[in-house]
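**Student:** Taken in sequence, the protein lines are chains E and U. According to the numbering used here, the residues represented by the first sequence are 1 to 634, in order. According to the numbering used here, the residues represented by the second sequence are 1 to 75, in order.
Check before you lean on any hint, since a few could be wrong.
Unchecked claim - One side only, chain U facing chain E, incomplete, derived with CB under 8 Å: (1) L15; (2) D35; (3) L40; (4) L56; (5) L60; (6) R63; (7) Q74.
Since the hints were derived computationally from the structure, they do not count as laboratory data. None of the values given here were measured: they were computed from a predicted structure. For each residue, glycine too, the CB sits at the ideal point set by N, CA and C.
Chain residues, written in single-letter form:
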Amino acid sequence: MSTLLELHRGGDLAARYPLVPRLLAELGPDELAQAGALLARVPAAEVRRHHPTVPVVKVAITGHGTLSPLVAPLTAELARHGLVLDPVVSPFDSYVFDLTDPGSALYAAGADLVLCVLDPMIIIDELPVPWTLADLEKIVDEKVRLLTGLADRFQATSRGTLVLNTLPLPRLLAGQLVDYRSRAALGALWRRAATALLGLADDRPAVVVLDLDPILADGTAAHDPRLSVYAKAYLAPGLLAAYAREVGHLARLVAGQTRKCLVLDLDGTVWGGILGEDGPDGVEVADTYRGEAFRAFQKVARQLGSQGVLLAVVSKNDPEPVRRILAEHPGLTLRAEDFAGVTANWRPKHENLLETARRLNLGTSSLVFADDSPYERALVRRELPEIAVVDLDDEPASHVERLLADGWFNVREVTADDRARPSRYREDVARGDFLDTFDSIEDYLRELGVAVRLEAARASQAGRLSQLTLRTNQFNLTTRRLQPPAVQELLDDPAALVLAIHSADRFGDNGLVGAILARRDGLDGPDGAILRIDNFLLSCRVFSRGIEHACLAALLHHARDTGARQVLGTYAPTAKNGIVRDLYPRYGFTADPADPDAEAPGGAGGTTFRHDLNHIVAAPAHVALTTIFPGEHE
Amino acid sequence: MINSTEFAGLVRDELGLPLAEEELGSTFDELPGWDSVYLLRLLTVLERETGARVSLPDVLEARSLAEVYTLAVQA
């Protein structure tokens, strides 16, 4: 919001309009309302002057009440999609004239979308005092007939699209009847009118009828008494904002923009837990409390898939376990055959999204990406702002609502071709490479503000350190599991070096996310003093941000500064830690087949690597690293 | 409670209306780009900022932003 305000104050909103969708993407309702007010001050023609190719959608607004409060939210909603609103607002209560007379200013404007905003006062205003159900029925029937005629006239007259909406049934009407039987009858006749209105779209291709009930059912108030009584603004601001969101998606269709592919993250999005850590039997896909929430989400994704939306996966995981769980897990609702593409590797997600779009022969602006990680979402928003990003979080019960909150995949009609589309795309799990290609996200990482503290661990951290050794499976070089007393023993051992890794970024403090366990061989052998890394661990939440690189560089410097002549490190392969197979060679270690400790009892076997401390790789510039080695003080 | 400088800031940043503090006393007719719809949004913003209820009928009868400001600080 602050960037948007700066642009507004500097008079630069029109000139910098292409930036606007990204600025609006993460705003909440209040800020979006404010943004709409600012953007509504910028004439469409001025944006067009700076950006001749930006799509302008002409929207005529007519109806019964005071409608100008709709302009700001509508401006914001169109701007979210990179569209510019060119609004034409009719005078108060002129919809009947506007839509009846083929020569009206409304028809003459030639709008792409004509919004006829209907509210319950079109009926309530005409009720006699006192009124009976028969009075109400007569008025309701008249209005349905009137609107049917207007829809017919529009269909015959305009090349645009007429948008009607159902009328909320307000308590201020139903509550006026004191007996239950009459109230029920009122509800029934009101719904008959709604049914008739909704039916207007059936055989009139130019007409769309928005059903407001689902919006109201989710808790949006239909009515603001003061605005209604004093300003004749009969639909409350929250409902206008939701209505504007719907119209935004219609405007996308007018501008020929459609989203065709839903790209899903896996861990925390499609199932609970982390496949690489918890294994296929440990992740929650179905029958637990949280599993049910994830299953509901999988069902809805499949439902979208059945209507022509391509589904794809971009996940930070090893490819083989992903291939296996999607092919074999009996509890999964979403299976391999539901996906047009599955990418599981450790490359930055925006690169994988580009690749996904390329393989499916789609533009990136056709993609919608859903992920529970704020890190990944912000990366994708930054690198590929044209991709729509769905903000999932750590509450899977809300995943479905969040996915459907925006009508990203709305179309005017689902065709047979749409339904057949997903079956035309079937692909194997794409292979990928290692985690450390952050060259392409260096700018993002700089903005992310990664701060790492590598410090001598304290006794109070023994519990957490033990937990890391017990639970971490992927970034775990030797998988030596340590119970808390074993960690405590290391902390008490003067020859042992126990370093805790803390990290934080602009999304918050990640806490104690990793550890390096090392040991000094005090003996001055023929090769000089040795620092031996017994294990190196990092939580999978913070992979691929240069944290391991920065810590390893700091450790090597520390080893050299304190008299070591070489550093040894072991990689002991397991089914889950393939991600760190090349960690040591990557940072200047060479394999040391002669290491006597490699097969020692208590060791995990594997390959030992040696660093001679002559050339220590520089730490990545984007990581702000603080180190406190034993004997140093804060 | 907000002062008149903050009030003018709200008008600029929440309504998007370019306005110097000295122009608060101008009647709405004298304000370029003024639209009565701004009063509805201004009411919402003022009530959010001050935490107090402002009378909408009185706001609708105001002839200048200075009068709206007076209503908001009296509330």
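**Student:** Among all the numbered hints in the text so far, which are the ones the structure does not match?
**Tutor:** 6, 7
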